[in-house]
Amino acid sequence: DEVKLGISLGFTGPLESMSPAMAQGAELAMKEVSDSGKFMSGSTVVGVRGDSTCVDSAAAAATVEKLITADGVKGIVGGMCSGETTASLQNVAMPKGVVMISPSATSPALSTLEDNGLFFRTSPSDARQGEVMTDEIMEHGIKSVALTYTNNDYGKGLADSFAAAFEAKGGKVTINAAHDDGKPDYSAEVAALASAGGEALVIAGYVDQGGSGILRGALDTGAFSTFVFPDGMVGGKLEADFGKEINGSFGQMPSSEGEGKDKFLAAAKAAGFDGTGVYSGEAYDAAALIMLAMAAANSTDPAVYKAKVMDVANAPGEKILPGELGKALELIAEGKDIDYQGASSVELIGAGESAGTFREIEIKNDKIETVKYR
Amino acid sequence: MSTHQPKAAKGGKWRAPAMFGALAVLFILEGTVSNTFFSGHWDNALGILRVGLISAILALGVNIQWGYAGLFNTGVVGFLALGGLAPVLVSMPATPGAFAAGGWGILIALCVAMATLVAAVFLWGRLPVRLRGWAVAATLVLGFFAYRAVFDPAVEAVQAINPSAQGYLGGIGLPVLLSWPIGAALAAAAAWVVGKTALGLRSDYLAIATLGIGEIIVAVLRNEEWLDRGVLNVNGIPRPWPVPYETNLQQDPGFLARAASFGLDPMTGSTLLVKLLYCLLFIAVLGLLIWAAQLALNSPWGRMMRAIRDNEVAAAAMGKNVTGRHLQIFIIGSAVLGLAGAMLISLDGQMTPSGYNPLRYTFLIWVMVIVGGSGNNWGSVLGGLLIWFVWIKAGEWGPTLMGMLADHLADGTLKSHLVDSAPHMRLVIMGVILLAVLRFSPRGLLPER
Amino acid sequence: MSFLDASEMIGGYGAADILHGCTLKVEKGQIAVIVGPNGAGKSTAMKAVFGMLRLRGGHVKLDGEDITGLSPQERVKKGMGFVPQVNNVFPTMSVEENLEMGAFIRTDDFRDTIEQVYELFPILREKRYQNAGELSGGQRQQVAVGRALMTKPKLLMLDEPTAGVSPIVMDELFDRIIEVARTGISILMVEQNARQALEIADQGYVLVQGANKYTDTGAALMADPEVRRTFLGG
Amino acid sequence: MIRVENLHKHFGGFHAVDGASLEIAKGSITGLIGPNGAGKSTLFNVIAGVHEPTSGRVTMAGEDITGLKPHELFHKGLLRTFQIAHEFPTMTVRENLMMVPAGQSGETLWNAWFGRGRIAEEEAALLKKADEVLDFLTISHLKDERAGNLSGGQKKLLELGRTMMVEAKIVFLDEVGAGVNRTLLNTIGDAIVRLNKERGYTFCVIEHDMDFIGRLCDPVIVMAEGKVLAQGNPSTIMQNEAVIEAYLGRGLKNKIKAETQA
Amino acid sequence: MDILNAFVAILNYIIVPATAYGAQLALGALGVTLIYGILRFSNFAHGDTMAFGTGLTILVTWAMQSAGLSFGPLPTALLALPIGIALTAALVLATDKVVYSYYRKVRAAPIYITMVSVGVMFVMNGLTRVLIGVDEIKFADGARFLISAPDFKAMTGLTEPLAIRATTAITVITAALVVWALFWFLARTRTGKSMRAYADNEDLALLSGIDPNRVVAVTWVIAAALATIAGTLYGLDKSFKAFNYFQLLLPIFAAAIVGGLGNPLGAIAGGFVIAFSEVSVTYAWKKVAMYLIPGYEPEGLLQLLSTEYKFAVSFAILIIVLLFKPTGLFKGKSV
Ligand SMILES: Nc1ncnc2c1ncn2[C@@H]1O[C@H](COP(=O)(O)OP(=O)(O)OP(=O)(O)O)[C@@H](O)[C@H]1O
Ligand SMILES: Nc1ncnc2c1ncn2[C@@H]1O[C@H](COP(=O)(O)OP(=O)(O)OP(=O)(O)O)[C@@H](O)[C@H]1O
Ligand SMILES: [Mg+2]
Ligand SMILES: [Mg+2]
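Residue numbers (our numbering), protein chains in the order written: chain Z, 189 to 562; chain P, 13 to 461; chain F, 44 to 277; chain G, 1410 to 1671; chain E, 2 to 336.
In short, the hints are calculated from the structure, not lab data. Hints are not guaranteed to be accurate.
Below, in silico cross-link-like pairs of lysine-lysine (DSSO-like), each with a Cα-Cα straight-line distance of 30 Å or less [claimed, not checked]:
no., chain 1, residue 1, chain 2, residue 2
1, Z, 226, P, 427
2, E, 106, P, 25
3, Z, 555, E, 139
4, E, 332, Z, 432
5, P, 208, E, 98
6, Z, 552, Z, 331
7, E, 194, F, 121
8, Z, 192, P, 208
9, Z, 555, E, 98
10, G, 1478, E, 326
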């Protein structure tokens, strides 16, 4: 048998450069499950990609509509941006009763959305990261920072929660300025940040989007020399493009204390794509969760397996890392509990979103190095 | 340049019915035939139709401005977005305490801003030329600082209220259908301001001015959280009467019985019913607009408008108030855009200001108008429906085509590169279809005359 | 064998024909004038001769050579020059640049030709650096004729060259046209100032509804009372 | 009727109209002649509200109309034609005429939607009127042709036709004759005289065809270099040495003499 | 000293970056304005022509680099540029042949040709991504800085840094050269004049013996060259990413229009107006104020508007300019 899962991401549009690695992450999990031969008595899983454009709610809804009706997918990895995700969830997935797990929609508003238990996400809450980042910066003895965020719900949410946490602990945010992704020039932003000053610059953006432009400008004009990188900025590109210029800067990303991310990276490398891409691991986890829940419910009907998603994601049970999906299926078949950790140390809380532990990193000797876990 | 135009397309009076017939066939195929190109589900066909109808209204709005009067408005996205604000302001519940915290402050600040502008305009008119530059600048600067002094704390107070879910003033909790005319009114008001200042500009200059105004409006909506939560989006905007929620239908015994009698499972039945109701609602609005637009175009009023479009200098010499008429038509067209914006938001059920990008909401609409045949109302409707259909389907056909291509290749980097770039075939296909239409019907599918 | 021989021309803009077998001939060094009511197809006939209109019938020969299939700019190279009735200057180029463009196909030194044009139309020398689009109607007309003269054509075609020019300039223009013709250049022109034009014409054509109605020498046409009454304003 | 006082119009440093003062008497057919570039069209354009004057004043029946917009002047009964024809190219010839009259009730949207009965009546009347004008101009076979497709002379006729669609007080004609067949021009001349006599239109006519001017106009005003050079009845003007020098030239004058003697 | 610091701050954060950005916009706007001026339509495909040309140049650069070629302290891409231009010109000419020539033949109204260019934009947009992908690509090699921030501080002892990237300098110099060459070409050469004549009155150009096909071809080649140069310089200075080039289209059009459509000088001025207004209106003047007024420590940032509004601000300035000069700063054309 063949089970189809939809992958609805913004393959064209402002985040188009992030989408391929995410889709490949999800497909990697599907391939792993299919190859194990242990899924639903030997069924295979294939992904069907659909373009959500990230910005156009109507087009995204049409895409998801088509995935569900025409392709007959049993679950969806996606969408990508919060607005588009909400629209396709409420207008299509919910009426059709199909599970959606978003790897990257981080808007807090999604937590309170009525979803009939059909919506989950594997990206962490922004609020927690703000606190983690505050502690880290304080420990570095930095008392004032300039802050710039990518102008979307992720960036805005993260920036606001960080600013609140940081100022609560006596720090000073000299400026809290947005930058838009995909703009041709960031001189104005860099100039404003530089003028506001601060001991370090926090860039709550994406490394392969505007975040890089800001970083480049800040480095070249000599405006800042220490940077703080939240999850969206920590990736292979950061090391490759800026390695030796940002030694001493630091940051954090959600990651299990174990070697989940590393295992995922190795698997991605073997599969021939760059697993360090933002949200690539989360996409892997989203796909894995859907399939494990199906196995646990022994049904591909969303109405049935939606109840199992939280079970397989959380304790109790044996911890499952990337590359161990076959083992997980075996355990499920034996009737044992599993606690899926995956590439992003999945821990679904509340209405089904990731709690996340964080890995603190520092750039040393031109490389991203893990300092500790929080 | 000599004036002869490519000759009107062939087909005469049967052309329009034939074109709409062909379009209907496309939608029917989408609803019934399942193959590489069509999904074979009515859900999809109606889903596309529903947004297509709104696109048709948008195209009609642009056509009223361009086709009737030659006004090159590329700020479509701005007026659309402004219309989209209406459902938020009209039908969302008010945020408790928000108005008390900062509402008055914001209102006062806006009044200050308004007063400053009025004063500046007044001074400009009254003072001697030598003084007025400085006086106006000083007024503006002072006014700006006064405005910021009142505005900033008020906004902060509003945004402090439960920021992750609210942090804005909210609306007044009225039925969402009411917001449609209000969206039109909002856009019309903005068009009045824009028109008063910018309508003296010539074609392409007006285009860039309106493009800028569109960007400015969207920037405001993206960044003024007290108004519409900015990039954080407003969710849960109620549906317009009489459209029910599918999940409610699926639990409604009456509906379940009815669906069963039609031989439909409740899931399919409910989604189809909802889409059908939306479509009917939109068709009603579109029909009303088309009726009004056709009557107007074929009246002496329309003749006057065409005369102004053809030659403004001569029209003015023949006693037509060119500026006044331009303003009128700009406001009407923008109101239609605002109406469509409000309809779109009440269809999506949410307001996502960062979704308003000019490629999708300005250029694509223009493509619809031009492909349909500018100056022809039915052409705009046709263009709206057709181009939207193509825009959506091209997203599916692109990867399909690429997949066929890649099937013959061995696995490897080239193949994976091709597969990864498949979504971009959407644009290629869209472009090729656009070029093909314009090639074989260079004045649009339904030319003006 | 006439220098220009455009015979039995049939053609139009859309499906309908405007020219119904119209024939125009000019001998070397002679002046031929076309008159006729508005909309008779005079301008259309000129365009047809110059290849700006596809002919459905008939042929155009220049100096014995069949040029029916040539494009306008190939005809320019064969020595034809044309001043259209409307849109006959480059509005955002200066007067001098307009004249230079007239000499576009010439590879020799054309400065003395410019001088000659300035002598003919002194106002143009005054306005040489002004854009042609800012000139008065009559001044524009002078630029247009000047531009065509710059080509040093063998056949000069003028579509109402005197429309809107003052009497003094008109007289000089006609004088100059006679002079030009004397140097061996053939001239084909459309005129509504028909009496003055026919006075200097060797050959006159009265065109009605795309066909030749009267063809005779200029003087003979002037003498024909019927022609005078119906076409020359009495 | 129209009084122009010390009018200046400068384009950059160039003085196109340079202190012209003149008067157009009510009920007259005033001719305005002068060499190319004398500033005649510019003067027209200033009076008709197309250009703002640099300085000076224009009054109409005692009322100051300086700087009014063209459409406002139209409503005061001031009409004009253009030297370079300004047709509405994508509209039919008939529509070109029917759009002219002001105050058509169908020109408001409300009536377009809800007052269709009245519009239909008005339209029928307009249509009749337009067809009469077309007949008069001998171009009724072109009524459904796009105006952009007309020949040069036909466009000029259309220009004139528009002024015949309404009751005007004063009509400015900028070279109606250029490019118009002389036989037809005579007919137009007759029509101008008739409109002047029967309906009391005042005309101001720019024209380079001295026959036409001589037959029609009294008085004739001569402009040169932005100023009024001479003024008087046609025969004195044609004898005026300065005018001959600047404008008429010797050749034509003799000819005209010869013809008037013949 | 403090005055110097204030000056350097302004230089470093406003003047240098805005000059570079302005030059990039100006080069792009030059291409748009040329096509508008001569072929009489707004070419929406210009941004994607830039992207495509740059993509090709990058491929050639890579080939050169792997063959061991380099251009000393200058980026190899400059060496690859002529080949990139040639390839792009070929593509653009082919596009003209297949697509645009038909509309010239039937004399379609400009708006239709503009829409056709939107179609071309879609196609090119896709092709570029298929050719070189959607990722960010860095292809600048050679020296990074003319003056780097730490060096400058060490050299002058000022607290404010100043950095000038080599690519910035190259951009400005190339832009100046290209502009001069274009002007000379249009105003002085026969071909240049014939192009202007064609732009003015196509029919009359024909009657003067000007070959329209040649004019059109030359225009496209120049436009392709301008696009490739602009795109490559932009890519060198920032980085190459297909999506950004579409985003660049808006400010480029704004620049062309504010300067006056069809007027090359206007395009240059427009580019700088847009760039400088973007950077300066959203600048936080706090630091400069502190240098200039000793002992002054302002509460806020002294920022007129936040950077979210920078694009809006540059458009607002543009609208104001147009209100006072309705056809742009340098009297452009209007159809
Ligand atoms: N927009 C303009 N810019 C600069 N100069 C202008 C402009 N318009 C007209 N002129 C100049 O003003 C002068 C008067 O022009 P105008 O059109 O009024 O002449 P005219 O008397 O009507 O001549 P004609 O009999 O040839 O039509 C001319 O020399 C012309 O070059
Ligand atoms: N571009 C065009 N498309 C269609 N019909 C046209 C076009 N140009 C002219 N015509 C028609 O062709 C006929 C002849 O026009 P043409 O311009 O040759 O007349 P003409 O003899 O030059 O008149 P005039 O003396 O008024 O200039 C006219 O009836 C006109 O309506
Ligand atoms: Mg003619
Ligand atoms: Mg004149």
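Cross-check of the supplied hints:
{"no.": "1", "hint": "226(Z) - 427(P)", "verdict": "29 Å, holds"}
{"no.": "2", "hint": "106(E) - 25(P)", "verdict": "27 Å, holds"}
{"no.": "3", "hint": "555(Z) - 139(E)", "verdict": "19 Å, holds"}
{"no.": "4", "hint": "332(E) - 432(Z)", "verdict": "50 Å, violated"}
{"no.": "5", "hint": "208(P) - 98(E)", "verdict": "43 Å, violated"}
{"no.": "6", "hint": "552(Z) - 331(Z)", "verdict": "22 Å, holds"}
{"no.": "7", "hint": "194(E) - 121(F)", "verdict": "22 Å, holds"}
{"no.": "8", "hint": "192(Z) - 208(P)", "verdict": "56 Å, violated"}
{"no.": "9", "hint": "555(Z) - 98(E)", "verdict": "51 Å, violated"}
{"no.": "10", "hint": "1478(G) - 326(E)", "verdict": "20 Å, holds"}
Hint violations for this structure: numbers 4, 5, 8, 9, all remaining hints satisfied.
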